[in-house]
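K.L.:
These protein sequence lines map, in sequence, to chains W and G.
Anchor point for the first sequence: position 253 equals 263 in the working numbering, and the numbering is continuous, going up by one each time.
Anchor point for the second sequence: position 122 equals 123 in the working numbering, and the numbering is continuous, going up by one each time.
Careful, some of the hints might be misleading.
[What the hints assert, rightly or not] Take a look, some chain W residues computed to stay more than 12 Å from chain G by CB distance: (1) Thr153; (2) Ser292; (3) Val303; (4) Thr347; (5) Val349; (6) Val381.
[To be verified] Here are some, though not all, of the chain W residues that point toward chain G, as calculated from beta-carbon distances under 8 Å: (7) Ser113; (8) Pro348; (9) Ser389; (10) Asn391; (11) Glu395; (12) Phe424; (13) Thr427.
[What the hints assert, rightly or not] What follows is a list of derived Cβ distance ranges for each label pair: (14) His191(G) / His305(W): 44 to 52 Å; (15) Asp183(G) / Ser117(W): 34 to 42 Å; (16) Thr302(W) / Gly137(G): 25 to 33 Å; (17) Asn287(G) / Arg31(W): 40 to 48 Å; (18) Ile502(W) / Met2(G): 42 to 50 Å; (19) Asn151(W) / Tyr13(G): 27 to 35 Å; (20) Gly137(G) / Val524(W): 23 to 31 Å; (21) Pro212(W) / Gly137(G): 50 to 58 Å; (22) Val303(W) / Glu26(G): 22 to 30 Å; (23) Tyr13(G) / His372(W): 35 to 43 Å; (24) Asp22(G) / Gly201(W): 55 to 63 Å; (25) Gly39(G) / Ile502(W): 44 to 52 Å; (26) Glu68(G) / Arg31(W): 44 to 52 Å; (27) Gly39(G) / Gly154(W): 35 to 43 Å.
Just so you know, these hints were derived from the structure itself, not from any lab.
Source: prediction; values computed, not measured.
Built from N, CA and C at the ideal position, the CB exists for glycine as well.
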Amino acid sequence: MKRQTAAVAAADFRRRMRSRRLLIVLALVAYFGFQFTVGTFELLYQDTVDGQLVDYRGEPTAAYVGVTTGVTGAFVLLFGGYYILSGSLARARETGVDELVASTPISDRAYLLGMWLSHVGLVAVILTTLGGAAMINHAINGTGTTEPLWILGAVFLVGFPVGCAVAGVTLIFQSTVRLRATAGNILYFLGTITIISATLVPAADLDPTADVPLWLRAGDFLGLYAVGEMTIDTLLTVAPAYDGPPFVNYGTGAGEQIITYQWDGGAWPVWFLATRIGLVLSGVALVAVATTVYHRFGDTTTEENNRAAAVIARLRSIVPVRRGTPTEPHVDPATVTPVTDRSAGGFGRLLRQELRLLVRGHPWWWYAGTVLIVVVGLSGNASTELIVPIAAIWPLFLWSAIGSRTVRHQMTPFIVTSNQPYRQLFAEWMAGGVITLIFLGSALLPVLVTDPAVTVVLAGAVLFVPSIAQAMGLWSGTQRLFEILYLVCWYIGPLNGVRSIDFAGATTETVGTVIPLGFAAVGCTALTASLMYRYQQA
Amino acid sequence: MELRLDGVGKRYGEETWGVRDVDLELGPGIHGLVGPNGAGKSTLMRIVTTVLEPTAGDVYWSGTNIENDPAAVRRVLGYLPQEFGTYPDLTAREFLTYIATLRGLDRETTAARVEEVLALTNLQEVADRRLRTFSGGMRQRVGIAQALVNDPELLVVDEPTVGLDPEERVRFRNVITGAASDRVVVLSTHIVPDIEATANTVALLSDGQLLTHTEPASLVEAAAGQVYECTVQRNQLEKLQRNYQVSSTVQRADGIEVRLIADDHPGSDAREVTPTLEDGYLYRVNHTGL
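Modelling step: build the complete structure from the supplied sequences, incorporating the hints.
P.N.:
Written out as structure tokens, the structure reads:
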């Protein structure tokens, strides 16, 4: 089993290492590392003194850069790791490798363990990149001696266990038919946000020197409590009156006053080391859980579809179904209808067909939810703060298919060699716009009736959402890039009511401002990017 | 109506050429494109269909350089790539309608053509089934149908009969033979009998270069006097395989009947036989240089 597992891990890891997309991921990780250590964002203690927001940050010593980069690594892996790692089983399915594997004697456990090890290997590469970037950042911008061991040690201590656990969760989701696509992406994102909120919010009102309850420390995936415990005494030496929460958090340093403290390192709390070991072990345990839901001999959706097809076939044998013009069983190839017009526009037909592609093939509950959203939205019985965020997340399945669908279904040669590569692009984009209009239009119609200026908000959303979905789908060839970025925007904007990110008009505070115009401009830029992509394809 | 390739080449990386210096003139009729794996057949087809831009040379469709005006060929093109996809949630009829719309057909012509190509590919009975329920062979027939749906003047098909059962292979041959009189058909395949049954000319590619472009009969004639059959025991087979190009073996009650290609008479038991196109292909690829 060991050799089989190692072979699976090595093959998958090599494939990942040779992917050009990995370079982009690593570049982004290094960029985040820069931003979160010496760039725009920082780990800060925050407090309000005499009505003024005061930020407290550490001097960029090797120890401080190490812990902040470690927390950043854990943050990146917790929120982005799932989306980075989740391609392995999907790729094996797409390429048919899973069928080859299924016909070999390798056990599910050995196969999934191999995949997990490959994921963990990728996590190590990501953290090494992040740690390397942090060392360079420190050497250039930091104070004191650059200590590689401290920086890399902290990065791996905080980030690696999180990566192990996320790798396990990824395998469970990717092994579960209903969780392997957009539904899983949403659930993972919301689940992670919920867990992090649940472990941070209860401690927000604690005294800075108070002991954080054990159950909260047990959920300290990101290491925020651990960093707090290690650095709070140093902070209190420069700010004895500090009365904020006993943990650091991310911020932009926008407070009226910034006070710095110098932390030169210290011993990691024993409880934190225990949680790290627990996370690594949980990653292995999650692989065992994944084997219970992993189906190596084909997935059940095919069986369900076959059952559904059988039911439809039975119904059709009873109910007369309208078909096209009856044809003779034998047609002479030399006498078939000649084509005289090869430049008929047909944009309307193309749009209808793109719409059909978008809305077909979803589970029944999705259609039921759609009807409910439209009815509740149009009725005006729900506030915009409630209905708009729901209307802005429900069609995520549809939007994220735009752009990447031609790649996913190997349709690119047909599109590119057709008469209408640009019309198809516009038809696909417009189909996404129609979906946006139906969902957000239903949700916003009651306020639009009373305030016609809401039309601008709606128009901004209609331009913004399908355009970025299409551009990201085309340029990345995958749904995941759009899904994760959209989820972040949706969470901050429409759901949490941050006005500047509220592209959907959930707060209605953007009415009459330039914000909808900004989203429309981003949408137009994204549409231009899509056109550029199609231009280089065609 | 003519497809002309003028010194066409495609380079990958610094020194690797997918195809190189290919000159071809193809008029109406069926033109088989054969060659070993990696010979550059698919690359050449992708260049002809404007999916790939050539690194060197030009491709002309009826006198128009398709690199300058790709729409000239796209307007009249039917294309079946070796690897292609479909939208699994569409029915066969909906998928063909979608492709016909992309190819610029009007509504009435689309409706008529879709029904006709469904009939030509024997898919009428399953026309309203979603493509995700199709077998590999049925899916391949959908691929053939979509390539024919716009009544193309230039039909480029890459390994069209892969996955088809013998009956459907014969049906495909009949369809393209019947339709080839007034269009240029480029047929790439490893199944030499398909070429033998349909092609007016054969272009033989090897290692990215055009070895020959000739009539099938000429390729067969070139191997005349070089093809032999003999019956041997199992322990003699390995020696024959080492020394000659063995094109087929058939188990018989008295041993193994071996068909082989040899420059010299391979032994007293061997008898000279009439070559087939497959023999001619193997002889040309393995017994002569460029």
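K.L.:
Please go over all the hints and tell whether each is borne out by the structure.
P.N.:
Checked hints:
no.: 1; hint: Thr153; result: holds (47 Å)
no.: 2; hint: Ser292; result: holds (36 Å)
no.: 3; hint: Val303; result: holds (22 Å)
no.: 4; hint: Thr347; result: violated (4 Å)
no.: 5; hint: Val349; result: violated (4 Å)
no.: 6; hint: Val381; result: holds (20 Å)
no.: 7; hint: Ser113; result: violated (17 Å)
no.: 8; hint: Pro348; result: holds (6 Å)
no.: 9; hint: Ser389; result: violated (31 Å)
no.: 10; hint: Asn391; result: violated (34 Å)
no.: 11; hint: Glu395; result: violated (35 Å)
no.: 12; hint: Phe424; result: holds (6 Å)
no.: 13; hint: Thr427; result: holds (5 Å)
no.: 14; hint: His191(G) / His305(W): 44 to 52 Å; result: violated (34 Å)
no.: 15; hint: Asp183(G) / Ser117(W): 34 to 42 Å; result: violated (59 Å)
no.: 16; hint: Thr302(W) / Gly137(G): 25 to 33 Å; result: holds (31 Å)
no.: 17; hint: Asn287(G) / Arg31(W): 40 to 48 Å; result: holds (41 Å)
no.: 18; hint: Ile502(W) / Met2(G): 42 to 50 Å; result: violated (59 Å)
no.: 19; hint: Asn151(W) / Tyr13(G): 27 to 35 Å; result: violated (43 Å)
no.: 20; hint: Gly137(G) / Val524(W): 23 to 31 Å; result: violated (55 Å)
no.: 21; hint: Pro212(W) / Gly137(G): 50 to 58 Å; result: holds (57 Å)
no.: 22; hint: Val303(W) / Glu26(G): 22 to 30 Å; result: violated (59 Å)
no.: 23; hint: Tyr13(G) / His372(W): 35 to 43 Å; result: holds (40 Å)
no.: 24; hint: Asp22(G) / Gly201(W): 55 to 63 Å; result: holds (59 Å)
no.: 25; hint: Gly39(G) / Ile502(W): 44 to 52 Å; result: holds (51 Å)
no.: 26; hint: Glu68(G) / Arg31(W): 44 to 52 Å; result: violated (30 Å)
no.: 27; hint: Gly39(G) / Gly154(W): 35 to 43 Å; result: violated (58 Å)
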